[in-house]
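Novice: Can you build the whole structure from these sequences, using the hints too?
So the protein lines, in turn, are chains A and B.
Residue numbering for the first sequence is 13 to 144, as defined by the working numbering.
Residue numbering for the second sequence is 677 to 1483, as defined by the working numbering.
Hint data in this document are derived by calculation from the structure and do not stem from the laboratory.
Keep in mind the model is a prediction, meaning the values are calculated, not measured.
Mixed in with the good hints, there may be bad ones.
[Stated by the list, open to error] Here are the simulated EDC-like cross-link-like pairs (lysine to aspartate or glutamate), alpha carbons at most 20 Å apart as the crow flies:
(1) B/Lys1344 <-> B/Asp1284
(2) B/Lys1094 <-> A/Glu54
(3) B/Lys1094 <-> A/Asp37
(4) A/Lys74 <-> B/Asp1446
(5) A/Lys124 <-> B/Glu1217
(6) A/Lys124 <-> B/Asp1102
(7) B/Lys1089 <-> A/Glu42
(8) B/Lys1094 <-> A/Glu42
(9) B/Lys1089 <-> A/Glu86
(10) B/Lys1094 <-> A/Glu104
(11) B/Lys1106 <-> A/Glu54
(12) B/Lys1106 <-> A/Asp37
These are the residues of each chain, in order.
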Amino acid sequence: MKKSNILALVLIAVALGAILSMVGDFSSYETFATAEQKPGKEYQIIANLDTIENKMMYDPIKDPNHFTFYAKDESGIIRKVVFNGTKPQDFERSEKLTMTGTMQNGEFKCSKILMKCPSKYKTDQVAVGKTS
Amino acid sequence: MDTQFLNEHLLPGKIGELFTIISFAASLIAAISYFLSAQSKVDETHSSWKKLARSSFFIHSFSVFGIFVTLFYLIFNHYFEYNYVWTHSSKALPFKYLLSCFWEGQEGSFLLWSTWNCFLSFFIIYKKGKWEAPVMTMVSLTQVVLSTMLLGLYFFGEKIGSNPFTLLRDQMVGAPIFQQPNYLASILDGNGLNPLLQNYWMVIHPPILFLGFASTLFPFALVVAIMWKNDYEDFILPLLKWSLFSCMILGTGIMMGGAWAYESLNFGGYWAWDPVENASLVPWITMLAGLHTLMIYKATGYSLKSTILFFIISFALVLYSTFLTRTGILGETSVHAFTGEGSSLFYHLLIFLFLFFIIGLFLFFKNYKKIPDLKKEEEALSSREFWMFIGSLVLMISVVQITYTTSMPVWNKMFGTKLAITNPIDHYNKIQIWITLLVLLGTATIYYFKFKESNMMEIAKRIAIPLVLSLIVGGLITYFQSLKSIPVAALMFATLFSVFANLMFIVRTLKWNAIKWGGSTAHIGFALMVVGIILSSYNKEVISVNRLGVDFEMGKKTEEENKKESRENLLLFKNMPVTMAGYTLTYVGDTVEGPNHYFRIKYQTRQDDTGRIKEEFILAPNAQINPKMGLISSPDTKHYLTHDIFTYITSTVDKSKMKDTVSYTSQKMKKGDTAFFASGYMIFEGFNTEVNSKNYIAQTGDIAVSAKLQVYNLEGLATPTSPIYIIRNQQEEMIEDTLSSYNLYTRLSKIIPDENAAVIEFKQPSAMNDYVIMKAILFPYINVLWLGTVIMILGFLISLYKRIKTK
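Specialist: Shown next, in the form of structure tokens:
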């Protein structure tokens, strides 16, 4: 066998090894229940904003980096979520939240929220006005 | 009965539709006749088919251009009866952004791609070389597929493509508004362009990127052509030129995207390993790999097979990236994933991808034995070709890893899993950092190796100086920039090694023969880019640390880091200075210009001893509340030579919802007494009976007294204010004084002569109501990244020039 082939094989093995070693970086979207079992471990949770029974709290004058709300995950569990950032614009209108964070003392502390709003990119309503 | 609609402009749309159909038909004829021309063994039929092919391709190009012009005409004239115009533009859009409307929509971007293909094809046709017929067959076939994207016709109940000339009333069938014949009168304005695209980079970045995408077709078509014709002569030079051009343009396009992200998006950087970014990066890397193996083939006769494969993969990856970004499959993983146009586009793009990938692979395996390859003897480990080949393989590892993770949504869809990465940036960085390190070591040393065999002792001698230099300088930078991570420090060393070794190579070997500088220059540029990336991202610092509120357990090692992580947003009340990282920041006001809302933040630095202002500038980040997309915040950046201060708004108050609910506080004050308010305090210094104020016009019989108040901010800076008390016609009157810099209102409501005291009423209302929340990030040495980019592109340009000069 030629040297280049051997080296190529070694490189491919390294590449595969590297990819396999990173399996730990991947996680499924989880629920609050799983996150509760391992406090401190980072999870991604898909949930809906719950505003019916619980209120969201954001007082930027007191602390602009503290925003709390309640979210209901896919299994139906509702937990308080604490986000260390500003309240995203139109948060009330979000349909679905993808939150990254850890569970601590029954609260989900999250550092990243991706929100899906209705009609964020798609527009199916015509803005109608009167000609003046 | 059909309604007769009024005031519609249907003619241009009809013309446009006609163009789309002609462009499709003509490309089909061009593809078939080029194919027949390429297949024919007889000279006469070859050239007669080619003649037909050329004219149909010309008609096709003319129609594509016609579609472009017609669509622009519609957008320019604001004909909102057309869905595309209504969806992607509005009347207020400045002229320069009317072009950006093309790349916002799916139809427009396919059109742009198609236009570039036509444009680039003219270089092939103009050359009239032996590759014209087979290469143009592949190009025309691509154009056939791209034209179907614009057809918007129904075949067997499936809609194929999406026509940019569809009328709004046909798009939204049944909407009540279309029951009025004069519906256009109620559509006052279009939906407008996504505000994030209203940036000058967005005028120029997409066309360049699409030119880069389009250019990958030509190396692909050339390698298909040589395999198809089984003719392995006279292809190296054109292939070299096309791949150099493609690397140069695609590289420029990608980095312009980075510049746009840095200037108008607020994730705080130029690269986020976002799937859309990755999808454009990956074909560039494979193109680079192909370019390098082609150089090996040119010099030694090895590696043609890998070259062919790399160019096939590059084009397939461009198609794959279109598939990823356009079908909406990326869904939750990307900020700028586009919504899909339904399942027909999904399969349409999938067919596009597999059609070309299979053509390439089929020819490759069919002719595997015929593709020239040297019967190798044991190759020398001291040869340039060996290490260049290894370098290309290393690039491919990078491609495999990026593609694997980016495709996660595809794997999820295929296997029904629901996997995602929690921290993409770390995930990519920890592998790519080592790959970049290997690549840099390669770029540093490769020119010191000779093809076939080199003298290792000589190489060692020649690279000794740059090696020692980079160890010293790398050590110094590591120490002074406190790079506390071993991989990062190692990478820093490798970049410097590459810079010094290539500089040395230019100085000692190439000398003033500048036309040969291309490769070394590109390598230096790339290394400098990595230097810029390391310095700007490793020591990137959020300087807007808030001191209010509670801390968060952010999972960091130290308390200090926790604090930092959880308090990155700073609240600024209007006109109340706050200190931050050596600057005094004041939110001084806001302006609305069209859809944009600029918040002016004054940065000041003072001399330590005298307190004199050393430096002052205003940053005006834009934050508009968009009805569709929420808060759209674009940063404003102060550029220094050595660092940037990047500032953006993370939250604002909606002033329309505010009410002035603050009431006056009343306090009895004797001379020398102090009253406190939120942002400072004031001292009563006594009465003044000689009232002289612009607020007060004296009348006869007035008794006027003013209170002398000195207002101090928390730093002890004093400003006087004097509210006035008048008795006029036996009536009490008060003239309020306002101190706008504090937003402080004061009144002198009563004088108590016995005690020589005054009752002062004061309030500081809207200071608490008018504020912004912002974030500021310091990017050190980011200019090195931009400088490196320019140098790298220049390197490609020199190489391309050299190849064009070669006859």
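Novice: Confirm or reject each hint.
Specialist: Hints and how they fare:
no., hint, verdict
1, B/Lys1344 <-> B/Asp1284, "38 Å, violated"
2, B/Lys1094 <-> A/Glu54, "16 Å, holds"
3, B/Lys1094 <-> A/Asp37, "13 Å, holds"
4, A/Lys74 <-> B/Asp1446, "14 Å, holds"
5, A/Lys124 <-> B/Glu1217, "18 Å, holds"
6, A/Lys124 <-> B/Asp1102, "15 Å, holds"
7, B/Lys1089 <-> A/Glu42, "17 Å, holds"
8, B/Lys1094 <-> A/Glu42, "9 Å, holds"
9, B/Lys1089 <-> A/Glu86, "19 Å, holds"
10, B/Lys1094 <-> A/Glu104, "26 Å, violated"
11, B/Lys1106 <-> A/Glu54, "18 Å, holds"
12, B/Lys1106 <-> A/Asp37, "11 Å, holds"
The earlier numbered hints that this structure contradicts are 1 and 10.
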